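Q: With chain A fixed as given, assemble chain B onto it according to the hints.
Residue numbers (our numbering), protein chains in the order written: chain A, 765 to 878; chain B, 234 to 346.
Quick caveat, the hints were computed from the structure, so don't treat them as lab data.
Owing to the predicted nature of the structure, the values given are computational and were not obtained by experimental measurement.
Don't take every hint at face value.
[Stated by the list, open to error] Listed next, the in silico DSS-like pairs over lysine-lysine satisfying Cα-Cα at most 25 Å (straight line):
no.: 1; chain 1: A; residue 1: 806; chain 2: A; residue 2: 821
no.: 2; chain 1: A; residue 1: 821; chain 2: B; residue 2: 333
no.: 3; chain 1: A; residue 1: 821; chain 2: A; residue 2: 847
no.: 4; chain 1: B; residue 1: 238; chain 2: A; residue 2: 806
no.: 5; chain 1: A; residue 1: 806; chain 2: A; residue 2: 842
no.: 6; chain 1: B; residue 1: 301; chain 2: B; residue 2: 345
no.: 7; chain 1: B; residue 1: 287; chain 2: B; residue 2: 238
no.: 8; chain 1: B; residue 1: 304; chain 2: A; residue 2: 806
no.: 9; chain 1: A; residue 1: 842; chain 2: B; residue 2: 333
no.: 10; chain 1: B; residue 1: 287; chain 2: B; residue 2: 304
no.: 11; chain 1: A; residue 1: 806; chain 2: B; residue 2: 301
no.: 12; chain 1: B; residue 1: 333; chain 2: A; residue 2: 806
no.: 13; chain 1: B; residue 1: 301; chain 2: B; residue 2: 238
no.: 14; chain 1: B; residue 1: 289; chain 2: B; residue 2: 304
no.: 15; chain 1: B; residue 1: 304; chain 2: B; residue 2: 238
no.: 16; chain 1: B; residue 1: 333; chain 2: B; residue 2: 345
no.: 17; chain 1: A; residue 1: 821; chain 2: B; residue 2: 238
no.: 18; chain 1: B; residue 1: 304; chain 2: B; residue 2: 333
no.: 19; chain 1: B; residue 1: 287; chain 2: B; residue 2: 301
no.: 20; chain 1: B; residue 1: 333; chain 2: B; residue 2: 238
no.: 21; chain 1: A; residue 1: 847; chain 2: A; residue 2: 806
[As the list claims (entries may be wrong)] Which chain B residues face chain A? A few, computed with CB under 7 Å, are given here:
no.: 22; residue: 272
no.: 23; residue: 273
no.: 24; residue: 333
Backbone N, C-alpha and C fix where the C-beta goes; we use that ideal spot for every residue, glycine too.
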Amino acid sequence: EPEVTQTPSHQVTQMGQEVILRCVPISNHLYFYWYRQILGQKVEFLVSFYNNEISEKSEIFDDQFSVERPDGSNFTLKIRSTKLEDSAMYFCASSDSGGANVLTFGAGSRLTVL
Amino acid sequence: DQQVKQNSPSLSVQEGRISILNCDYTNSMFDYFLWYKKYPAEGPTFLISISSIKDKNEDGRFTVFLNKSAKHLSLHIVPSQPGDSAVYFCAANPLEYGNKLVFGAGTILRVKS
Numbered sequence: 765e766p767e768v769t770q771t772p773s774h775q776v777t778q779m780g781q782e783v784i785l786r787c788v789p790i791s792n793h794l795y796f797y798w799y800r801q802i803l804g805q806k807v808e809f810l811v812s813f814y815n816n817e818i819s820e821k822s823e824i825f826d827d828q829f830s831v832e833r834p835d836g837s838n839f840t841l842k843i844r845s846t847k848l849e850d851s852a853m854y855f856c857a858s859s860d861s862g863g864a865n866v867l868t869f870g871a872g873s874r875l876t877v878l
Numbered sequence: 234d235q236q237v238k239q240n241s242p243s244l245s246v247q248e249g250r251i252s253i254l255n256c257d258y259t260n261s262m263f264d265y266f267l268w269y270k271k272y273p274a275e276g277p278t279f280l281i282s283i284s285s286i287k288d289k290n291e292d293g294r295f296t297v298f299l300n301k302s303a304k305h306l307s308l309h310i311v312p313s314q315p316g317d318s319a320v321y322f323c324a325a326n327p328l329e330y331g332n333k334l335v336f337g338a339g340t341i342l343r344v345k346s
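The shape of chain A in the complex, shown without the other chains (with noise of 0.2 Å):
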């Protein structure tokens, strides 16, 4: 079954570094999400993509975030400067159709920041 993989599984960085976490979507896939969640609370959307920009970001998703996709294949979250409150685990999605559908979540990257 296809899946989205994404890395790294863990990381550790000091705060203030910059922090960027890969994807690979399902491949024939068109739209791509990034979501967090924060050790004890809920899942949070972060950002959508689509046709290569974002089409959708939520007030969590300020100047310190960027995404891309920097070829056919990789889609890449960066947070350039970390924050303590960075530190959640964050997934990647991926979906074929825009509206009422299904999003395919990855397993995850924990980001820790001390």
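A: Here is chain B on its own, set in the frame of chain A:
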């Protein structure tokens, strides 16, 4: 922000019995609802969905019921199996915003054998 609420943090059920997980929402713009299951160290996995034009959707052991007037949905699992033990998330999608899912806090289901 409590647009999607799962008021029971955990539920324990005997194997073979019915598990009922509940979810309430406040935003009347939500018109597509999904249940995801999550095991530790894995991402959420899609289980079943329902559109607001329906009041029931069934897939094998899983049935989702939607009561729009009460802004309430529930997931029934029958019969429950030990492998169903996981965290269950209710999620809602306001269609006009595409797939910007709003998740509940999750309910931990434990099925005892």
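Q: Each hint should be assessed against the structure and marked as holding or not.
A: Hints, verified against the model:
no.: 1; hint: A:806 - A:821; verdict: 17 Å, holds
no.: 2; hint: A:821 - B:333; verdict: 9 Å, holds
no.: 3; hint: A:821 - A:847; verdict: 19 Å, holds
no.: 4; hint: B:238 - A:806; verdict: 10 Å, holds
no.: 5; hint: A:806 - A:842; verdict: 21 Å, holds
no.: 6; hint: B:301 - B:345; verdict: 32 Å, violated
no.: 7; hint: B:287 - B:238; verdict: 21 Å, holds
no.: 8; hint: B:304 - A:806; verdict: 20 Å, holds
no.: 9; hint: A:842 - B:333; verdict: 20 Å, holds
no.: 10; hint: B:287 - B:304; verdict: 13 Å, holds
no.: 11; hint: A:806 - B:301; verdict: 23 Å, holds
no.: 12; hint: B:333 - A:806; verdict: 14 Å, holds
no.: 13; hint: B:301 - B:238; verdict: 15 Å, holds
no.: 14; hint: B:289 - B:304; verdict: 14 Å, holds
no.: 15; hint: B:304 - B:238; verdict: 11 Å, holds
no.: 16; hint: B:333 - B:345; verdict: 35 Å, violated
no.: 17; hint: A:821 - B:238; verdict: 22 Å, holds
no.: 18; hint: B:304 - B:333; verdict: 19 Å, holds
no.: 19; hint: B:287 - B:301; verdict: 9 Å, holds
no.: 20; hint: B:333 - B:238; verdict: 16 Å, holds
no.: 21; hint: A:847 - A:806; verdict: 19 Å, holds
no.: 22; hint: 272; verdict: 10 Å, violated
no.: 23; hint: 273; verdict: 11 Å, violated
no.: 24; hint: 333; verdict: 5 Å, holds
Violated hints, listed in ascending order, are 6, 16, 22 and 23; each of the other numbered hints is respected by the structure.
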